[in-house]
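**Student:** Sequence:
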Amino acid sequence: MTAAATQAQSKQIWTVVELIRWTANYLKEKGFGDARLEVERLLAHVLGCDRVGLYLQFDRPLTPEELARFKALLKRRLAHEPLQYVLGETEFHGLRLRVDRRVLIPRPETEQLVDVCLEIFGPDPRARVLDVGTGSGNIVLALAGSWPKAECVGADISAEALAVAEENARLNGLEDRVRFVRADLFSQDFADRVGRGFDLVVSNPPYVRPDEWEGLQLEITQYEPREALVAEPDGLAFY
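Sequential numbering of the sequence shown, starting at 1, is according to my numbering.
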């Protein structure tokens, strides 16, 4: 894109539909697969609506402030920062969670782990649940939200990750349902810190070998916490 073209676009009055179309084509040219979906999510975030809300105001011009915010988010995405980090949130098993570079982005596949737990223990057990390596708190919060009578603990070695998990508990009204503990699974005092006698111990621990790390996508290696994915020395430390 030439400097003249960039300057001309900066002076153009963009409507919602025009901005979506142009930016989606631009992202597609840059190799982003779900270009239109990503643009819609970015713009919906800026305008404070959902994607349906975008289509209800297709012809509305963006204000200079809205356009500037959108460009700032788009710049981050073009640098391969994960969309969830750019938006500052993601969804997991019906919960809306805050995520940033302190925690691994919850994967959709991990929802299957939650589903298996729900299937095994039934709809409302009086279970004691421990989530090891809780990260954003996604697993233990999903279980706590489904099991009102359960006693739930989320443990992690990272104080930064626990801060995110505690915020997510508050955002979803589960702060009184889950106790978060800083603890190292491999330390001698782990059981003293988290407690004993759990009916369910669940975890999605690191599993990537160190030599595999650099071969992963840029979105992962440049932004997500390495310690949440890599298990020294062979990817099997937790297994």
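One should not assume that every hint holds.
Claimed, not checked - Restricting the straight-line Cα-Cα distance to at most 35 Å, the calculated cross-link-like pairs of lysine-lysine (DSBU-like) are:
#1 LYS30 - LYS71
#2 LYS75 - LYS149
#3 LYS71 - LYS28
#4 LYS75 - LYS30
Read the hints as simulated data drawn from the structure, not as lab findings.
**Student:** Do the alpha carbons of LYS30 and LYS71 lie within 35 Å of each other, as the hint requires?
**Tutor:** The given pair, whose Cα atoms are some 16 Å apart, holds under the 35 Å limit.
**Student:** Are the Cα atoms of LYS75 and LYS149 separated by 35 Å or less?
**Tutor:** violated (45 Å)
**Student:** Would the pair LYS75 and LYS30 pass a check requiring their Cα atoms to be no farther apart than 35 Å?
**Tutor:** holds (12 Å)
**Student:** Would you check the hint for LYS71 and LYS28, treating anything up to 35 Å between C-alpha atoms as holding?
**Tutor:** Given pair LYS71, LYS28 holds - Cα atoms ~16 Å apart, limit 35 Å.
Going down the numbered hints, you'll see the structure goes against just number 2.
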